[in-house]
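Given the sequences, and given the hints that come with them, work out the whole structure.
What follows is the residue order along each chain.
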Amino acid sequence: MSAWVYKIALELGGKTLSLETTVEKVAVNLLRLAVTQLPRDVKEALQNGYREETSESGKTQLKAILDNIELAEKTQTPMCQDTGTIIFYVKAGADVKHLDRIENALFKATRTATKEVPLRPNAVDPFTQKNTGDNTGKHIPYVNWEIIPGDTIEITVLPKGGGSENVCVTRMLVPGEGIIGLKKFVIDSILKAGSKPCPPNILGVAIGGGADIAMKLAKSSLLRPLGKSNPNPEIAKLEQELLQAANSTGIGPMGLGGKTTVLGVNVEYAARHPASYPAAVAFNCWAARRASARIHSDLHVEYLTHEMR
Amino acid sequence: MTTYNLTTPVKEEDIRKLKANDVLYLTGTIVTARDQAHKRALQLFRDGKKLPINLEGLAVFHCGPIVKKDGDEWKVVAAGPTTSTRMDIFEDEFIKNFKARVIIGKGGMGSRTTEAMQKYGAIYGAFTGGAAVLAAKAIKSVKTVEWIDLGMPEALWIFETKDFGPLTVAIDSHGNNLFEDVRKTTEENRPAIYRRLGIRQ
Chain A
1 MSAWVYKIAL ELGGKTLSLE TTVEKVAVNL LRLAVTQLPR DVKEALQNGY REETSESGKT
61 QLKAILDNIE LAEKTQTPMC QDTGTIIFYV KAGADVKHLD RIENALFKAT RTATKEVPLR
121 PNAVDPFTQK NTGDNTGKHI PYVNWEIIPG DTIEITVLPK GGGSENVCVT RMLVPGEGII
181 GLKKFVIDSI LKAGSKPCPP NILGVAIGGG ADIAMKLAKS SLLRPLGKSN PNPEIAKLEQ
241 ELLQAANSTG IGPMGLGGKT TVLGVNVEYA ARHPASYPAA VAFNCWAARR ASARIHSDLH
301 VEYLTHEMR
Chain B
1001 MTTYNLTTPV KEEDIRKLKA NDVLYLTGTI VTARDQAHKR ALQLFRDGKK LPINLEGLAV
1061 FHCGPIVKKD GDEWKVVAAG PTTSTRMDIF EDEFIKNFKA RVIIGKGGMG SRTTEAMQKY
1121 GAIYGAFTGG AAVLAAKAIK SVKTVEWIDL GMPEALWIFE TKDFGPLTVA IDSHGNNLFE
1181 DVRKTTEENR PAIYRRLGIR Q
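So the sequence lines, in the order shown, correspond to chains A and B.
Read in the working numbering, the first sequence has 56 at position 56, and its numbers run on one by one without any break.
Read in the working numbering, the second sequence has 1186 at position 186, and its numbers run on one by one without any break.
One or more of the hints may lead you astray.
Claimed, not checked - Think about it this way: if two alpha-carbon atoms lie no more than 27 Å apart in a straight line, the pair counts; the simulated BS3-like pairs of lysine-lysine are: (1) K43(A) / K1069(B); (2) K1019(B) / K1099(B); (3) K1162(B) / K25(A); (4) K1140(B) / K74(A); (5) K1068(B) / K115(A); (6) K1137(B) / K63(A); (7) K108(A) / K1140(B); (8) K59(A) / K1019(B); (9) K108(A) / K1069(B); (10) K108(A) / K1068(B); (11) K63(A) / K1069(B); (12) K1069(B) / K130(A); (13) K1019(B) / K1143(B); (14) K1075(B) / K74(A); (15) K59(A) / K1162(B); (16) K1039(B) / K130(A); (17) K1069(B) / K1140(B); (18) K1184(B) / K59(A); (19) K130(A) / K1075(B); (20) K74(A) / K1162(B); (21) K115(A) / K1137(B); (22) K115(A) / K1099(B); (23) K184(A) / K1184(B); (24) K115(A) / K192(A).
Said to hold, decoys possible - Ranges between beta-carbon positions, derived for each pair: (25) E1187(B) / A271(A): 30 to 40 Å; (26) D134(A) / K1096(B): 53 to 63 Å; (27) D134(A) / F1045(B): 32 to 42 Å; (28) D1047(B) / E307(A): 52 to 62 Å; (29) A1192(B) / K228(A): 27 to 37 Å; (30) E1187(B) / G178(A): 24 to 34 Å; (31) R1112(B) / E70(A): 49 to 59 Å; (32) T1002(B) / P118(A): 36 to 46 Å; (33) N166(A) / K1184(B): 18 to 28 Å; (34) E70(A) / K1068(B): 18 to 28 Å; (35) A1192(B) / P274(A): 46 to 56 Å.
Claimed, not checked - Simulated coverage check for chain B against chain A, where a stretch passes if three residues somewhere in it have a Cβ under 8 Å from a Cβ of chain A: (36) 1060-1074; (37) 1167-1178.
The hints are simulated quantities; they were obtained by calculation from the structure and are not laboratory data.
Using N, Cα and C, we set each Cβ at its ideal position, and we do this for glycine too.
So this is what it looks like as structure tokens:
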């Protein structure tokens, strides 16, 4: 091997090693930030809810939530004992080399964070019922990939609570009923869920594609910050309409009555098969945890949802 | 709405004073128990055996905490409530046999539990779901842990607490159930919501 080739290999080796290490370090930070500190938009929505809530028991619940958030942030402790199933969304720049090593780094980060933060071990083998103890298992943490132009890597973590996951629904609606059918499906899902998903919730709603595509879109829409509507004005109107409907059910914070049932509704869609009208509703609990960071080609890290202290 | 501070063991006459919508802060002994612990406790009772702790007048907490061992001592990191409806199949017998006076959880419980609470003098205190740090702050120490073979979330954790709360009295000992009231209200609201959204019934 000539000296020149050796040098390149060394540099490449050094670089891939540090990319992997950087991804791992960033993912541990993101997990810690996500479970200990809510993004500003969620915190503000909960504060607004508290100000506007008129039900006494609803107000008591929101006050406890706000006190809890403040304590969690101050003591760097998980805001909820259910630190969720760990889901990553990776936007990988097409020009980044060794993308195949990122998944391994994310698994390592999950194990480290489980010990260090700590996170509750939430990965159970569905056949043996054995908890793996480190939040990793078959397909978990789950990594959603998107290839984007350029040489940056954007990592988002969504630690998804079990209580709100248990009421997520996908249904194949009748195409002839159209949007009215969708509205009924959403409102019925909210009424059925009641107190179970730890309201006030954030709702991801999606139509079209197929059964899997609808739920995938509904769930990823939970990453959209509150107050940011769908750019399509018709869909934005539907989001507002569903939000108002949800907040007139009377379910209220923790299902104890009141008008703060849902903090935001995010609607997404895909084209559908002429015979199908797939629809999905994904619930997120008030502890709507998410954290993102962008890693640049020089390995400089930009935190997008939180301030790194 | 009245705010009460009670200390365990709680007497039946004190429990009877509490009304739905009141707020309670609890000081004293709180014991965690989820599905598996309820099952085992009732089996022991049927076998005529004793529980590792006398639950009379104490609080039972539907909770699977994150607990860390710090030297020889257990430290509670996070301890929010779990969904109580899963324990509905056990709780009436549990209240009848062990005389626990306060059941703490989230999401509410059904008519069987409500009837047992009325009959034997117990209440359901709703603790805010997910408010795990707030709960951990009021837990002053872990007295002991029993049945750790069931795993960290399912074991009986015996906590000493100071002003644990706020607990919203959601089921009182007079047959009132706030969650049931809210469910009725939401059903009454359904037709108007359908109308506004243009849904035919």
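Hints and how they fare:
no.	hint	in the structure
1	K43(A) / K1069(B)	violated (32 Å)
2	K1019(B) / K1099(B)	holds (19 Å)
3	K1162(B) / K25(A)	violated (38 Å)
4	K1140(B) / K74(A)	holds (18 Å)
5	K1068(B) / K115(A)	holds (10 Å)
6	K1137(B) / K63(A)	holds (16 Å)
7	K108(A) / K1140(B)	violated (34 Å)
8	K59(A) / K1019(B)	holds (18 Å)
9	K108(A) / K1069(B)	holds (23 Å)
10	K108(A) / K1068(B)	holds (21 Å)
11	K63(A) / K1069(B)	violated (31 Å)
12	K1069(B) / K130(A)	holds (22 Å)
13	K1019(B) / K1143(B)	violated (30 Å)
14	K1075(B) / K74(A)	holds (18 Å)
15	K59(A) / K1162(B)	holds (23 Å)
16	K1039(B) / K130(A)	holds (19 Å)
17	K1069(B) / K1140(B)	holds (15 Å)
18	K1184(B) / K59(A)	holds (20 Å)
19	K130(A) / K1075(B)	holds (24 Å)
20	K74(A) / K1162(B)	holds (21 Å)
21	K115(A) / K1137(B)	holds (21 Å)
22	K115(A) / K1099(B)	violated (39 Å)
23	K184(A) / K1184(B)	holds (19 Å)
24	K115(A) / K192(A)	violated (36 Å)
25	E1187(B) / A271(A): 30 to 40 Å	holds (36 Å)
26	D134(A) / K1096(B): 53 to 63 Å	violated (41 Å)
27	D134(A) / F1045(B): 32 to 42 Å	holds (37 Å)
28	D1047(B) / E307(A): 52 to 62 Å	holds (57 Å)
29	A1192(B) / K228(A): 27 to 37 Å	holds (29 Å)
30	E1187(B) / G178(A): 24 to 34 Å	holds (26 Å)
31	R1112(B) / E70(A): 49 to 59 Å	violated (38 Å)
32	T1002(B) / P118(A): 36 to 46 Å	holds (39 Å)
33	N166(A) / K1184(B): 18 to 28 Å	holds (23 Å)
34	E70(A) / K1068(B): 18 to 28 Å	holds (22 Å)
35	A1192(B) / P274(A): 46 to 56 Å	violated (34 Å)
36	1060-1074	holds (count 5)
37	1167-1178	holds (count 3)
When held up to the earlier numbered hints, the structure conflicts with 1, 3, 7, 11, 13, 22, 24, 26, 31 and 35 and fits the remainder.
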